[in-house]
Structure formats: structure tokens, C-alpha cells
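*Asks:* Below, each chain spelled out in residue letters.
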Amino acid sequence: MGVEIDTKEFKLKPMKCEFNFLSKSDGSAILSQGETVTLVSVNGPLDIKMQSQSIEKSTLEVLFCTKGGKPSVADRYKESIIRQTCETAILGSLYPRSGITVTIQELEDYGGLLSCALNCTCLALLNSGLAMRFVFAAISCAVDESGNIVLEPTQEQATSARALLNFVFESRNKDLLTGFSEGSYSESAYEEALERCRAASDLVFTFYRDIISKYSNVI
Amino acid sequence: MKASVGDVVLPGDYCEEISAVGEKAKVIIGPGLQKEIDHVYVTKAGILKKRNPNTYWVDNYQKRYIPARGENVIGVVVQKAGDIFRVDVGSSTTAALSYLSFEGATKKNKPDVQIGDVVYAKMLVASKDMEPELVCVDSHGKKGRMGVLSDGFVFKCSLNLIRKILNPHCPLLESLKNEWPFELAAGMNGRIWIKANTMRETIALGNAILGAEYLSDEEIKSMCTNIATILAGHVS
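These protein sequence lines are chains U and P, in that order. Residue numbers for the first sequence follow my numbering, beginning at 3 and rising by one. Residue numbers for the second sequence follow my numbering, beginning at 13 and rising by one.
Some hints here could point you the wrong way.
[What the hints assert, rightly or not] With a straight-line cut-off of 16 Å between C-alpha atoms, the simulated EDC-like cross-links for lysine to aspartate or glutamate are:
id, chain 1, residue 1, chain 2, residue 2
1, P, K176, P, D141
2, P, K38, P, E28
3, U, K80, U, E108
4, P, K134, P, D100
5, U, K216, P, D19
6, P, K120, P, D95
7, U, K59, P, D141
8, U, K216, P, D71
9, P, K154, P, D100
10, U, K80, U, E147
11, P, K61, P, D71
12, P, K14, P, E28
13, U, K216, U, E63
14, P, K140, U, E58
15, P, K140, U, E184
Just so you know, these hints were derived from the structure itself, not from any lab.
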């Protein structure tokens, strides 16, 4: 298995994004990765209840709404992943005793919902103008029956796969921020998937830069 | 990633130029930049800008106001608490405005400010750990243009639009003031107060300002002439 990985050999699902999709929120973004679409709204820093205030950093609240609207345990799990990732990225110490609310609405799910939600959250945070340490990019991949690694699997590939792995990288040193997985896989498969996703995260960071430059030119 | 002045930057980028200049001379880093042990890092997405001598900042899109010292803002009085007024300026906490910080105000002679009044004031104290404090007088005790704004119409917009129309190179107010008379106060917190003679003129003025957000200087000029002709009744 080759360790040297060339970015050019990867193709992620086509990404499309629009900023300020919601006029009333402080920052919002709608992102489609292939067929999967999510909408994220960021509000803050806001005034919050005394008991949830922290004197050294802002309190982050993440709400994940599915298309059906029924809350479930799986959604709470997604919320906690997104909250922990955002907490490392946002410079919360600049906004003590305030709250930041991130609301994510699933619009379409054709595989890779969580990574799409994470990328969309990052774009909405950029739009809101909150201070951040770095930007982050989430990449999902699947280990199929024969042990091959598939980047950004489709819904069918994901259901038939032996394992699903998700990684979130930061932009400074491409370090791993968050990693979560389901299914069984070998250690070498994990290592390979990690390196492939790390290389693929470059594409997402380039996409962020493109979209920000488009928006910066008009203001 | 390395960045230089004029580039589009994302959080996590660093600028070596600032650190290099900083070793020789004093550097001022503004919003969107943060000094860490090794480099000066960018914390907001936008364009890295520089003004001589050695002032750097990131020009980014933002709607939520974060109080900053010395800025003129427009707020709404929401509460009278003892000897201070609490003013909503759009930030996470309300700002305090002492009743003694009006021109000619004494303990006996209190200013006439009611709940719901709109005030144009200057940020005197703005720190992330403290409640922001406003004043309606300058350091000579004169009110200048600050104080309660009566009548008129207040609307909200993004912080970039305020910076754009207050920029001396922006032709918007230059073109509009020749067309019909009006009064205007722009707060750095993303609120604009306008007052014109008639309702039609007020609406036209508000639309002209909001419409200018994504237009170039040339487009702004032609838009202003357009609105003026419609308002004068030449075109229905």
C-alpha cells in the first residue's frame, strides 16, 4: 500500500454553497455535497441565562434538526460531535459570559450527512465573523467488503460497507481534530483511510478559500 | 498557510510580514488578527489590509456588533436603573449610559430621556469582561452631534455597509445630499437613523442605502440619479 498520496487522484462530491441564506441570523450557510444538503444558522455572541454562563469562555449550544423533525439519540450524538469540534475551533475566550447558538437543519440525506453538516457549520461560522483558531474540514470514507477504501461513499456504498470512518482536520497543520467510526476494520485500513482523508481535506480547504474570495470581492 | 497584505485569508493563516516588521518597529494589529507565540494568526475570514504606518487588520463580513472603544453607535433605551440608562446596542449585553454624561446635566437637572428613545452615543468603555459604557458628550463636555434622536426612522444593516457609506471615498451620501434634504446618523453597530421631509423621501433614502451594499462606486451614482428621478415624479 502506497503511503505517497497525490491530491489529484481524488474527486470529492461536487460542493455548492451559499452564504447569508437566512437574512435574520448573524451567520448562515447552505451547503450541498453531492445530493446531501444541510442548512446551518449561527447566532452569537448572545445574552444567556446566568446559570449557563461561563466567566472564561462562551457557551456553545448546538441543535441538530432532522428532516422528519423527530428528536432521537443519534441526533444527540451528532450534536455532541459537532459541539466538541466547534469548541476547539472557536476562540471562545474572546466572548466570555455569552452564548453562541448553532442550528443545523438536514434538508437531504444521500450519505455523508455528518461531514456535510460539519463543513456547513464551518462555513456558517466564517460568515458570522466569529473569531476562530482555524477552519476545519470533515471527510467521510468507507471500508468495503474487500477491504478497499472509498472516499465520500454514496448511500448504497455506505450501507453495504464493513466500516464507516469520519475524520475532521484543522487547517493549520492538517492535524486530526475529531475522528469517529462504526463497524470493524483493521489497523492498517484505519491508517490508510486517515492519510487519504488528510490529503482529500486540501480540496475542502481550497473550496472554502474560493467561496470566501468570491464573497470578499463584492464588499 | 502564509498570507500577505491584500490576500483573501481564512482563520489559521499566518502573516510573516507582520512579525518581521514587528521586530523593528511598533505594529498595531486590529480585528481579525491575533499574536501567538510563533506568528501573528488570522482569526476571521476576509481580506488582510494594511495602512501606514504598520497598522494591519482583516476586513470581514459581519452582522453582530462587538463593542469597541471610541465608536459611535445608535442604541435604544430599554431600562432606567437608578442613575443609569440601559441601552440596547445590538451586542450580547446592554450598554450603560449615565444620566450625567449628557451636555449640561447635573444631579438636579436630569436629561429628558424616556424608555424607547433612540440615542446616538460614543463607546467610552468596551472590554470583553465588562459592561460597555456609553457617553453622549465629548471630552469638552459638549454634545456635538450626539444625544437623543427624535422622530426619524431606524433600520438595521450589516456592519460592512456602515463602514462603506462612512468611507470618505464612497459616493453614496455625496450623490444623495444633492438630490433632496435629509438627516442621517450611522452607528458602527449596524444601525442607521434617517429623517427626511416626507414618508416617500424617507423610504427612498432607506432603499438607496440598503441597495448600495453590493454595488460599485459607478453603480451607486447611477442608482442615486435613478431614485431621484423616480422620486421627482419624472418616471412613474
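*Asks:* Measure nothing beyond the straight line between the CA atoms of P/K140 and U/E184; if it is 16 Å or shorter, mark the hint as holding.
*Replies:* Given that 16 Å is the threshold and the Cα spacing comes to 42 Å, the pair is violated.
*Asks:* Do the alpha carbons of U/K216 and P/D19 lie within 16 Å of each other, as the hint requires?
*Replies:* Within the cut-off at roughly 12 Å; holds.
*Asks:* Would you check the hint for U/K59 and P/D141, treating anything up to 16 Å between C-alpha atoms as holding?
*Replies:* 10 Å, holds
*Asks:* Given the hint that P/K154 pairs with P/D100, does the C-alpha gap stay at or below 16 Å?
*Replies:* 23 Å, violated
*Asks:* Quickly compare the C-alpha distance for P/K176 and P/D141 to 16 Å and report which way the hint goes.
*Replies:* 29 Å, violated
*Asks:* For a C-alpha distance cap of 16 Å, please report whether U/K80 and U/E108 respect it.
*Replies:* Cα-Cα ~12 Å, so holds.
*Asks:* Below or equal to 16 Å on CA atoms is what counts here, so check P/K38 against P/E28.
*Replies:* 15 Å, holds
*Asks:* Taking only the CA atoms, is the gap from P/K120 to P/D95 under or equal to 16 Å?
*Replies:* Holds, because 12 Å separates the two Cα atoms, which is no more than 16 Å.
*Asks:* Below or equal to 16 Å on CA atoms is what counts here, so check P/K140 against U/E58.
*Replies:* 10 Å, holds
*Asks:* Hey, U/K216 versus U/E63, does the alpha-carbon distance stay inside 16 Å?
*Replies:* 30 Å, violated
*Asks:* Is the Cα-Cα distance between P/K14 and P/E28 16 Å or less?
*Replies:* Given that 16 Å is the threshold and the Cα spacing comes to 7 Å, the pair holds.
*Asks:* Please work out if U/K80 and U/E147 have their alpha carbons no farther apart than 16 Å.
*Replies:* Violated: U/K80 and U/E147 sit about 26 Å apart, past 16 Å.
Hints 1, 9, 10, 13, 15, counting from the list given before, are not met by this structure.
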